[in-house]
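Take the sequences, apply the hints, and build the full model.
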Amino acid sequence: MYDFQLARPRSLPEAVEAMQAEEAQPLSGGQTLIPTLKARLGAPGTLVDLTGIAELKGISRSGDVLRIGGATRHADVAGSAEVQGAIPALAALAGKIGDPAVRNRGTIGGSLANNDPAACYPSAALGLGATLHTSAGRAIAADDFFLGLFETALEERELLTAAAFPVPLAADYQKFEQPASRFALVGVFVARFADGARVAVTGASEGGVFRWAEAEQALSADFSLSALDGMSHPAEGMIGDLHGSPRYRAHLVGVLTRRAVAACG
Amino acid sequence: MPGISMTVNGKPVSGEVEGRTLLVQFLREDLGLTGTHVGCDTSQCGACTVLVNGESVKACTMLAATADGAQVRTIEGEAKGGAMSVVQAAFQEHHGLQCGFCTPGMVMSITDLLRVNAEPSEAQVREWLKGNICRCTGYHNIVKAALAAAAELRAQPVAAE
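Chains V and C are the protein sequences, given in the same order.
Quick note on UniProt numbering: the first sequence kicks off at 1 and runs consecutively.
Quick note on UniProt numbering: the second sequence kicks off at 1 and runs consecutively.
Hints may contain errors.
As the list claims (entries may be wrong) - For the chain C half of the interface with chain V, some residues (derived, Cβ under 7 Å), not all of them: (1) 13; (2) 15; (3) 18; (4) 43; (5) 49; (6) 54; (7) 55; (8) 65.
Hints in this document: simulated from the structure, not taken from any laboratory.
Think of the CB as a built atom: it goes at the ideal place given N, C-alpha and C, for glycine as much as any other residue.
Here it is in structure tokens:
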């Protein structure tokens with residue numbers, strides 16, 4: 001790792017100020033960023049540690065919206081009675097990220113802002129139609145937030161402060177785990193709302209997390225397994241690597257979507 | 001260089017570190033606590049697992065400065081007055097190690113597991129140990145040791161911590 005200054009702000013305004021430093025970059029749980037820096041794939045001048053800011057942590061429900069602070073750790077989301085009660089699929093997703101030690105450090109905001117094409121959380125944000133709140137006072141719909149591999153709508157120096165998830169009638173996340181990395185080889189998040197269904201896919205596409213429009217249309221008209229009869233996702237644009245070909249991933253998209261729909265009951 | 005201080009195995013310690021200094025470097029190189037091992041240095045293997053404020057973390061993937069003010073427990077803090085902890089004793093009893101390199105991380109990780117789940121199933125132990133790799137492939141006896149330690153701690157609730 002190249003050396004850097006470490007800022008440890010105690011409030012959001014202090015963090016925003018610290019982010020004005022030259023080559024500043026936010027540090028949340030560091031479970032992706034620290035390995036990246038060890039490989040010298042980045043050289044920030046200042047890292048701004050967000051984990052000491054109380055207002056960025058915590059989980060609260062207000063009506064049909066579950067709000068999770070950006071610096072809330074995976075272990076806290078997985079173990080939260082509030083999340084388990086409102087959106088059990090989200091708690092289950094958090095509880096299967098990485099391993100226990102990773103979940104004790106990694107945060108939801110870090111995962112969403114990093115937008116790894118195989119990360120779990122982006123599929124939940126997109127599948128539930130979450131709203132992402134930022135330090136610039138913006139509220140960005142998940143549909144407009146994820147722009148491609150490791151790309152989001154966040155501006156330079158803008159911090160993701162919270163994610164607000166609409167509470168669905170039912171939801172499920174199916175992850176086909178790549179056993180070495182523990183990321184999703186393919187993951188599918190299905191959510192059923194009164195006005196329709198959403199299907200978000202991670203791990204599969206060269207463009208990062210995406211919605212499977214054809215499956216959404218069918219499930220919105222009739223939320224049942226039979227609504228997906230004969231439907232398959234094309235292999236074009238799917239990731240191909242030593243773990244699986246584009247056709248293999250496309251096939252998994254169909255399988256996992258069906259499993260998620262079945263699990264929604 | 002920022003000055004940091006924390007409590008390690010119950011003792012207050014302090015030092016000067018660079019921003020990039022990892023917790024595991026601070027423990028091993030500054031404090032001389034070399035029981036915490038660096039296996040992969042890529043957060044895969046878990047040999048560097050320590051407890052920070054009671055919870056398991058990979059000390060190779062946490063900056064020392066972000067542990068400023070924390071309570072840290074390493075393998076050196078587990079034996080008390082020459083007597084091994086319940087988890088350590090179970091590893092000895094069930095031959096839960098071969099070369100022993102992964103053992104400090106295994107012991108700390110299982111200690112954390114038994115904090116959150118006093119009665120884990122075998123499947124839950126194996127699931128929990130996903131982030132701890134043993135290259136001697138000694139998992140079977142490690143899992144046996146974890147289950148035995150859990151039973152022992154349940155039988156002696158006063159000794160559990």
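So, going through the hints one by one against the coordinates:
A least Cβ separation of about 18 Å between residue 13 of chain C and chain V goes past the 7 Å threshold, and the interface hint is therefore violated. The beta carbon of residue 15 of chain C is not positioned within 7 Å of any beta carbon in chain V (closest approach about 14 Å), and the interface hint is therefore violated. The beta carbon of residue 18 of chain C comes within 5 Å of a beta carbon in chain V, closer than 7 Å, and the hint placing it at the interface holds. For residue 43 of chain C, the shortest C-beta to C-beta distance to chain V is roughly 6 Å, which falls under 7 Å, so the interface hint holds.
At its closest, the beta carbon of residue 49 of chain C sits 6 Å from a beta carbon of chain V; the interface hint therefore holds under the 7 Å criterion. Checking residue 54 of chain C against chain V by beta carbon gives a least distance of about 10 Å; that is not within 7 Å, so the hint is violated. The criterion of a C-beta within 7 Å of any C-beta in chain V is met by residue 55 of chain C, whose closest approach is roughly 4 Å, and the hint holds. With a least beta-carbon distance of about 5 Å to chain V, the hint placing residue 65 of chain C at the interface is held under the 7 Å criterion.
This entry does not satisfy hints 1, 2, 6, going by the numbered hints stated previously.
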